[in-house]
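Asker: What follows is each chain in one-letter form.
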Amino acid sequence: MLIRAMTSHYRRHPLQLLALALMIVVATMLWTGVSVLTGQARESLAVSEESVAAREAVVRADGQPVTVEDFVTLRRAGVCVAPWLETALGDPARRVIGIDPLAMACFDVPPAGDSAVGVAGELTGDPFVDISEVTGGSGRAEQSGQLSLLISPDTEFLPEGYQRRSFQLGPATGELADSFLLNLDALSLLVLFITGLLVRSVYHLGLAQRRSSFALLERFGVTKSRLQRLLAMELTLLTLICVVPGVWLGQALANRLGQGFGLALDSLFDLSLYAGEDTPVPWQAGLVMLVLVLGVCLVDRLIPERTGYQSKPSEPAVLPWWVWALMVAIGVEMVIWAFSLVWVFVGTALVFTGIGGLMPGLLARSADAVARRQSPGAPLGRWRYRELAVMFRQLALPVVALQFAMATVLAVQALVTTFEDTFEQWLAQRLSAELYVEIPESASAEGGSRTLADLNGLGDWHHVRRGKVQLPDINAEGEPVTTDLMALSPITSLVTDWTLLESVEEPWTALSSGGVMVNEQLARRQGLSLGQRLTVGIGSASLTMPVVGVYADYGRPAAELLIDGAGLPDDFTPSFQSFSVNPGERSVKDIGQRLKDEWQVADLVIRDNASIQALASQVFQQTFLLTRAISVLTLVLASLSLLVMGWVFFSTRSWYFHLLGIWGLQPDAVRAQLRRLALLLTSGVTLVALPLGVWLTWVLVSRINPLAFGWSLPMAVYPGFWVELGVVMALIGLVIAWLIGRQLNGQVSLRPGASLAGGGER
Amino acid sequence: MSETVLAAAALSKGFRSGEDTVRVIDRLSFTLSAGQSMAVIGRSGSGKSTLLNLLCGLETADAGDITVADQNFEVKQGVASPAATCQWALLRKRTIGVVFQEANLMPAMTLLENVQLRASLAGHRAGGEMHWLEQLGVGAEAHRFPDQVSGGQRQRAALAMVFAMHPEITLADEPTGSLDRQTAEEVADRLFEVQRQTGCALVMATHDQALASRCDHCLDLGEGG
Ligand SMILES: Nc1ncnc2c1ncn2[C@@H]1O[C@H](COP(=O)(O)OP(=O)(O)OP(=O)(O)O)[C@@H](O)[C@H]1O
Ligand SMILES: [Mg+2]
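Protein sequence lines, in the order shown, are assigned to chains A and B.
For the first sequence, the residue numbers in our numbering are 1 to 762.
For the second sequence, the residue numbers in our numbering are 1001 to 1225.
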């Protein structure tokens, strides 16, 4: 009987139940999607890092490729080596790496990492497969693909005729990926927060609508605590029912989006890396949602006086405005001055909380102020702004949630676009020439330079030498601080269009005449500025050079300095040398052949940078697309809740729109008022979301990133996107107005009171 | 004083309830001259509110015709033409003032602002609103919001709104219905006083015999449907 009474409200207002259920389903779906995607992105990137991590291999001193015989010779000599066979497998062909887990037993740290080689030595899947799968049992590994022999870094002794060489499969995405993941994490926390706000607001609005029937039940002798228990049970049941399809939909969504991501990753690294297939159903996400929904909806029961349905739907701000304002001020200060990430996060949370407490009141006051300034000759305008003020007060929670969601969308859009640009730039900088030729250790770099210089019709090229140099500082262990050096010669257009964060006039000429450029990481760490003189120990010499430029060097943890190779002392031994070459009119084959002839080697590593660049940006585009999808979903959720709440709210006030009709406004004019009101509501929220979004962008790129990784992303704003968002919000406003307009027309009874329950607030 | 401002002829209205139709108003006719007042009485459910809604075009009769200030509305099929809807809206804007038992005011506006809104919709320039509030005895409360004054004061403000539009006809549906006896009488006193001053016609639905007897005419809808 009691249950019947409880459900009767929803039988009369099925849409309200539907709205709450829909909110829970969409919220669960969003959260599940976000957590699955973040998890997958993290795992995929981890595997990709591992497969492209630098390793050491043994090569023959005579330049010939290694064979199975070499493997046997080395093992017999007691050297810990293991085969590593890169090849294409399957249809469509994908690049896999064949390894021999047994041979790897002598490595202290398994080179293919934990994720590939299980404890018992069995292989867990792509990209690493058992070598016998690749060779098909023929034993002629070198015929099945490109064979390398990995060597344990601890190995000291190598037999005559062999050398070590480090090798890498592709460019390491490094911290650019980490940074992106950190931002993705921050985003999902924000999503959870917004979701909580929204679910709570819809639930409480529903409760407010049922206040009178609860009062009735109480008069019939049902105790308050019994009623509360029933309500809690009702909510638990509803959440349990709704979480299941939410989790399922979220996973389906994540997998759909993730597949594209996986494909792109595969093609970038020529390996199957995507960790997203066959993920178990993410029930934890469902559990989190269950706890969240029950938490945010029933938290009031813990506070004795303000029990659930008794509080007003608007829940007027419990704290005075200056407390909220103080919160914002402290938060902003904290973010500006923070010296660790934690404080940035705390500060950001404070700012959001403060703004959440401040904003509805502020919006309502501004609407009231505008209303006061309307001339008495335009009382309809005044009425509209007064109603707007009521709405901002009554719809405080969804308004704040929508503002946060929009700020998030704005920040994510700016961040993603910035990342895209940055990533393109970074790739262009790292892979500046079309070809990359590794200089074998036995070969003479000067000979190579001469060969290239003599080639007619060749495009720009430079000789890259990398190594370590010493800085004047001493670290905590009392050892001199070393840093990476990159020396280029000659200085050509391959570098002269790099992005310089700071530079003297004619920076590249200054570099050639004995200057030094430092990357942003080094500049930040050493507090270097333009014109300052930097003393570095290169080889046995000590050079003092003026800083002539600071270059952006995204996605690398390492500090680096750049000099003209012509100024290098003779006894500097580079750890790595290569040529970056634009072939110009020459063919790749021709260039390769000439260098092989010059160096008398049979085998040369030549990489096609253009295709790597294309593939790399493809991967990131997918990731960015995915992030955008998440943020758009957040916006959909927030808009949906505004739609639901706006609708419920307008229904309680529909009598006052009727009143306008009774006072002689034509139906079209009433609908026009409705439209203008709804548009004012959504555009007001958009307006306050803009500065918050810009601020959030700034926090992400200029505070969180430098603190976490030592480099900042350029801050950019995209007003074009603001306009797009504004249009979307306007459309939502129009939909609300249209829904209410329909309801007004459909309502036959024109008696006050019938539709007045709880609508007379101001 | 014999100019007719409101007349109904053979007016009928019924509501469907399930299969059959219940006739609430059955071939009703009356005329009302300018400055005169008429009480509409009858049991609850007898159709008083329905009649008032018909007289201001908020509901459409099934048959019969209504004449308001020289404009004739004849109903054929029980549906209002768009032109008639538009015409009724115009009449409610300038000619017919409507007061309900409650909720006549916009809650987010002060009493004065409410009166200003109503007057401006009727096409009057801003200025005289305070006068009407004072006339009805709520001048002191002009700057308060509806939820800051008593029910009686709200009804007075609602009447002030109607008079501020200088209507030819005022339709009042139990304007004192939710007030206590004492307050109801005070509000009624003001109402009749101002009605006489302005010379507008008044149609008032009421349960209150005493109130009905103060009107010039009385229309009894009887037991009703
Ligand atoms: N929209 C409607 N649909 C169906 N029936 C209606 C509708 N409006 C009114 N009625 C019916 O018409 C009859 C007259 O209603 P009305 O509200 O006019 O009575 P009333 O005399 O004003 O009553 P009260 O004194 O209680 O206000 C009632 O039986 C009512 O149930
Ligand atoms: Mg009635």
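Source of the hints: derived by calculation from the structure; they are not laboratory data.
Among the hints, a few may not be true.
Unchecked claim - Chain A stretches covered by chain B per the calculated footprint, using a threshold of three residues with CB under 8 Å from any CB of chain B:
id, region
1, 430-444
2, 481-487
3, 665-677
Said to hold, decoys possible - A few chain A residues that face chain B, going by a derived Cβ cut-off under 7 Å, partial list only:
id, residue
4, Gly-377
5, Pro-379
6, Phe-572
7, Ile-662
By construction, the Cβ of each residue, glycine as well, lies at the ideal position given by its N, Cα and C atoms.
Asker: Would you mind marking each hint as holding or not holding in the structure?
Answerer: Going down the list of hints, with the structure as the test:
1. 430-444: It is violated, with 0 qualifying residues against the three required.
2. 481-487: With 0 residues close enough to chain B, the hint is violated.
3. 665-677: holds (count 3)
4. Gly-377: 6 Å, holds
5. Pro-379: 4 Å, holds
6. Phe-572: 79 Å, violated
7. Ile-662: 6 Å, holds
Comparing the model with each earlier hint shows violations of hints 1, 2 and 6; every other hint is respected.
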